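Mind docking chain B on chain A? Use the hints.
Number of protein chains: 2
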Amino acid sequence: MSNKAQRRLNQIKNQVDSLPSPSESLNDERLNPSFPVDEMTHFLNGGKRITELKNKFMLQFERDPAWKLSDQPNLSLPQIRERTLNKARSLISYLITEPVNVFKLRMEVISYIDPAFYTRFGVHAGLFLGAIQGQATPSQMEYWIKKGAITLNGCTGCFAMTELGHGSNVAALETTATFDEITDEFIIHTPTLTATKWWIGGAAQTATHSSVYAQLIINGKRHGVKTFMVPLRDPVDFKLRPGVNIGDCGKKMGRDGIDNGYIQFTHVRIPRSYMLMKHTQVSRTGEVKAPALAQLAYGALIGGRVSMVIDSATFARKALTIAIRYGAIRRQFAPAPGKPETKILDYAIHQHRLLPLMAKSFALHFSGRAVAELNKSLQKQIESLSKGTSEQANVLESLKEVHATSAGLKAFGTWTTLGLIEECRQTLGGHGYSAYTGLSSMYQDFAIQCTWEGDNTILTLQLGRYLITCYRQFLKTKGKLAPGVQYMALSSAPFSASASTDEVCDPVKLAHAWGVVAAAAVRQATQEFESSLEAGLGQDEAYENCSVERLKAARMHYHAFTLSKFVEGISRAPAPLQPILQQLCQLHACNVTSEHASEFLAAGYFTASQLHGIQSRVMKLCQAIRPQAVNLVDSFGFSDYVINSPLGRYDGDIYRAYFDLVRQNNPQEARPPYFESVIKPILTSNYDTIEGPELEIDEALGSQEEDLSAEDDVDTPVSAVGRPNNE
Amino acid sequence: MSNKAQRRLNQIKNQVDSLPSPSESLNDERLNPSFPVDEMTHFLNGGKRITELKNKFMLQFERDPAWKLSDQPNLSLPQIRERTLNKARSLISYLITEPVNVFKLRMEVISYIDPAFYTRFGVHAGLFLGAIQGQATPSQMEYWIKKGAITLNGCTGCFAMTELGHGSNVAALETTATFDEITDEFIIHTPTLTATKWWIGGAAQTATHSSVYAQLIINGKRHGVKTFMVPLRDPVDFKLRPGVNIGDCGKKMGRDGIDNGYIQFTHVRIPRSYMLMKHTQVSRTGEVKAPALAQLAYGALIGGRVSMVIDSATFARKALTIAIRYGAIRRQFAPAPGKPETKILDYAIHQHRLLPLMAKSFALHFSGRAVAELNKSLQKQIESLSKGTSEQANVLESLKEVHATSAGLKAFGTWTTLGLIEECRQTLGGHGYSAYTGLSSMYQDFAIQCTWEGDNTILTLQLGRYLITCYRQFLKTKGKLAPGVQYMALSSAPFSASASTDEVCDPVKLAHAWGVVAAAAVRQATQEFESSLEAGLGQDEAYENCSVERLKAARMHYHAFTLSKFVEGISRAPAPLQPILQQLCQLHACNVTSEHASEFLAAGYFTASQLHGIQSRVMKLCQAIRPQAVNLVDSFGFSDYVINSPLGRYDGDIYRAYFDLVRQNNPQEARPPYFESVIKPILTSNYDTIEGPELEIDEALGSQEEDLSAEDDVDTPVSAVGRPNNE
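Protein chains in written order, with our numbering: chain A, 1 to 727; chain B, 1 to 727.
Read the hints as simulated data drawn from the structure, not as lab findings.
Nothing here was measured: the structure is a model prediction, and the numbers come from that model.
There is no bait here: all hints are sound.
Distance condition first, Cα-Cα at most 20 Å in a straight line; then the derived DMTMM-like pairs of lysine to aspartate or glutamate:
id	chain 1	residue 1	chain 2	residue 2
1	B	K339	A	E174
2	A	K251	B	D71
3	B	K680	A	D237
4	A	K343	B	E541
5	B	K552	A	E423
6	B	K339	A	D540
7	A	K239	B	E669
8	B	K239	A	E676
9	A	K339	B	D540
10	A	K400	A	E453
11	A	K552	B	E595
12	A	K620	A	D506
13	A	K56	A	D38
14	B	K376	B	E568
15	A	K620	B	E528
16	A	K680	B	E82
17	A	K680	B	D237
18	B	K239	A	E669
19	B	K251	A	E669
20	A	K343	B	D455
21	B	K620	A	E528
22	B	K147	B	D234
23	A	K343	B	D540
24	B	K620	A	E541
25	B	K343	A	D540
26	B	K343	A	D455
27	A	K251	B	D660
28	A	K339	B	E174
29	A	K620	B	E541
30	B	K680	A	E82
31	B	K680	A	D234
32	A	K343	B	E174
33	A	K552	B	E423
34	B	K251	A	D71
35	A	K239	B	E676
36	B	K552	A	E595
37	A	K680	B	D234
Stretch by stretch, here's where chain A covers chain B in the computed footprint (C-beta under 8 Å, at least three residues):
id	stretch
38	64-76
39	81-88
Positions of the beta carbon are idealized from the N, C-alpha and C atoms, including for glycine.
Here chain A stands alone, though its shape is the one from the complex (with noise of 0.2 Å):
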């Protein structure tokens, strides 16, 4: 190569170099923060202490062989089960040693570090002990306790609701629990295919105790869905216990680790003590004695739901740091010839796909933030009642209103955060298709959350059938309105057709609008129910008859509740971090109203100018947090060990590690384990064609079966057939 050839392509080179290399740009995004980040980290975290305890957990595990990560894509079926309940191991001694709020807060690091495992180790310590807890008697938990139940040492748990045929009505489950007077004990059975208890977590390998929703039947009388304590498998060698018959319910969209199976029971006796009876009780002579206040039950539900919004806002996070520091890395198009490629970030059209989603994690942080609170205060009432303190009328109300809040916030929440990690994804490109890169994995981890504790349509259904009983009643008492559903009483939106953008992005003045358009949207669903019961319907065929109404009157209301706590929650945090905050909350503000704006047009709440005005604004407001997201997402304080993605590494040098990865987990090999059997084969191939002896008669006798109708061209080369995707 000549001398000056060899400088031009040194030119080239440097031109290249001196580009600002991955980690550089990066770090450049965090020079001028606009705000205090590490004040952001504690403000979401709920104070400096538990991000100190945070960072705490997240390098114990980061450290512990047994939490190892990065290798997860490459486990088999039996391996990351096998590495799931060895978690559980470390874990115990943490359970049994941690004050009560010190092991909750590593629950929660636990919950985004490995979904599978915090399902797997809930399922025993939620929902198996949490049925104990809130449905046994004294005495029965005392020997649950002995039994094991909260150290795993004899009894590891699962909870065996949902049927093969039966998920979100319980009151229709088919297993049976007959009471035998003689032995005094209940019969477990599974009288038929459908009964077959399925996905119960633990079952398939771990759980050597099961509680179990059955129908409890006596002397033929069926008295409801109760819960029963059933051995599976003998503790010491894991034998199955007669009658029960267990298997896997095998590979699933994600959550491997969990090892969900099927149980059918065939006559299994228990002894009648097994029955859980703190609320309902079966005498030795079969007299069921039913409890006061059975609507209290639902309360445990509750909690469940409450945290799910929290993950929802959670994992929005983890995703978010993801795709906005990639997009703050990766480089794509460059402005002129000759020019450094411009950052994914740097284009409107990533601005707008990412930022709104960032606004939506914070509104979905405050969501979760105000239905924890309103569900504390519903269980100290629950406390006092059972003192007698409270007056059970007042306990039956707020329960209503958080059971029906948080059930449309677990609903709306999941399903937002679904969506936010799936168009993440995508922001990443084709390496968002990887197993290695976070996201296709949260996506399939994730997925269950809008199905699981409560179908996210079902759900809906039920804030919507709560929101037509606040109405009517509020239409009844004129005035008394639970506080989640003041709006109820607005009618008017507070902006006139000559309001400036300005006042019309205001959030506060937006959230009252909210309210306005949820309240119409629940008048409606309330007209509609009206009129079927007018007609003479049913209330429950009158509900069904304005589902489609009910889920739009829900939908609403969590778009103003959501907005209103956006805007309240601000008012609590530290003055610096107000700016940023108030940023955020306009861009939700008026990115959701955007993406719902036929509500207020329709309405003749804003006019098509002011509609324009918000539109613009929604650029606007990301452009103007543009410089802040790297920042922002740095905030949410995960460790790269959490992100657990090459491609969201704080220090950016994303590319090499991304490869390492990708190498570290499929060593090279010098062929692959199938060349002999499949490979060379082809390679090798011979492909003669089977020709028998030419035939005297006319060959025009024969099938013209390839031919086709005369549409397809038969003249297309074969060589172009087969291509991916080709037409």
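Below, chain B alone, put in the same frame as chain A:
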């Protein structure tokens, strides 16, 4: 048990038994088809002959053990890779012996039987061979066909375009191909980590050769990205060629059957004749002859995108088949105590979830057909151009139109179907999360379509750019508009404020209205673009400035195009099919209009009460179509083998089939393999905490580490922690 009790239990049992069985539930749906189901199948397939051939292929694959599908979820990565390539063997015989159009149809069937294999085979037969076909000179073509490029005999190919750091911007690829005049060779080189070829399908384990995209450099001067044939492995012993480093990209979200790999070239030498020189030519002395019409090479990309539109329709139908059949069998909640539970598809909300998606699948079908026609006529034009019988300018105009249209349809079509699959998956409740019910893997396999062969967002922006160009052209020339964008001349909606619901719900009128709305969106984007130009910005910056508006214009164009093709398509359908197609078309029109109602309201194209009429019509049409839902999915004509989901079986025996499939794939084991290593130690652990001797110093000096903020309730019992999603 008493005789009386036994009688009552029998009564209960009989009550359950009196429910129609799952199979009866499904067969009931088929009693009164409102249209000839078989005729619909032929219509969708494009003729009875094609239906027959598809049925033949489905049966052939079903019976061929190499094509077993039912155990795929439990295969390891090496197993699934081996099985995938093994299918190539049986296919090559067909490739050689079948007429091209028949084989193309066979490949179409394969595309929805095994997307991973379709991709692996397509990488060779489409991309690798396609590169040769499109870019090789006749003698080069002959050379590579002799090498085995068609039969895979001695030559299995892959297509190395994408790099670790470079995807959509092909012009910025880093891999170099430097001409060495002395030896008459090119030196292929990977200069940096980010230049590593990445995601190369077939590279990891199975390809002997690759068509490599690299920067042509001669005497230090860059001549742009060209295609070079680079041997990777020895076809006899399969050893890597010197200087070639290959690894495996490993696990992905889906399509694990295809062995995506990475390739690094370190000064690999190939003869000059291994550069494909149909377009650009490099002489012995390094002179470069550039082609006259480089743009025509883009024509080759269109086929892939057209086929992805058709894929989108096909996968939508496959997903709907599973969801609709399950919805017509699954029962949940009884209308009154003691009554049998209701089919979930009989709930308005379930219909509202699925039936507009059914209509969307038909819309996708007609759009796919339309763009395939467009492409066919374009390819004919390109052919006749080479014969000198058509005008270059016209061909280029068509090329631009088809390129933009197919890009937009690919983007919005794949997004639509990905969302549709997820919605269908969620309608299966918890069973949608199983790997054996078809929709989780369908989501995972399909997700890549949104980012490969052109990232969707970038494709929509390309369509937006084309629309702006058309509109500016139109303003200049007044009147001359390409067939697909005729609507740009429209400016007012076809109905007045007093128009009846029937009028505004008329699909023909709605299609017109969509044209008006699309035209307005294009106008707005153009105005934004031009005002940037007027402000002195360059063209690229001006396009960047209107990217959000461009995306919106593209989206509106997509809906206008799709709806108009739906309306047109019906007119070509056999008369007995027209009524149901009309219903579906109206449902689609009303639904998509309702989803984008703010566009119509903002422009005053209809009133709030007209919108309300449209929304009510959506619900009425869902009810009207509901009785035909199963007949419609039957008409899609997939065999049970192809559906590959026990919940989507034709005979409706879903629970039995699901149970059997799960059991077959997960044989029951006496004890899990990790009983001794993990489970036993947990069950027998003795959790003595470490306790030291009591010290005489003041304990108050000790750490307060476990205290959290005052907010935390420290009195929560241990047993409440760890609940899955417990707050």
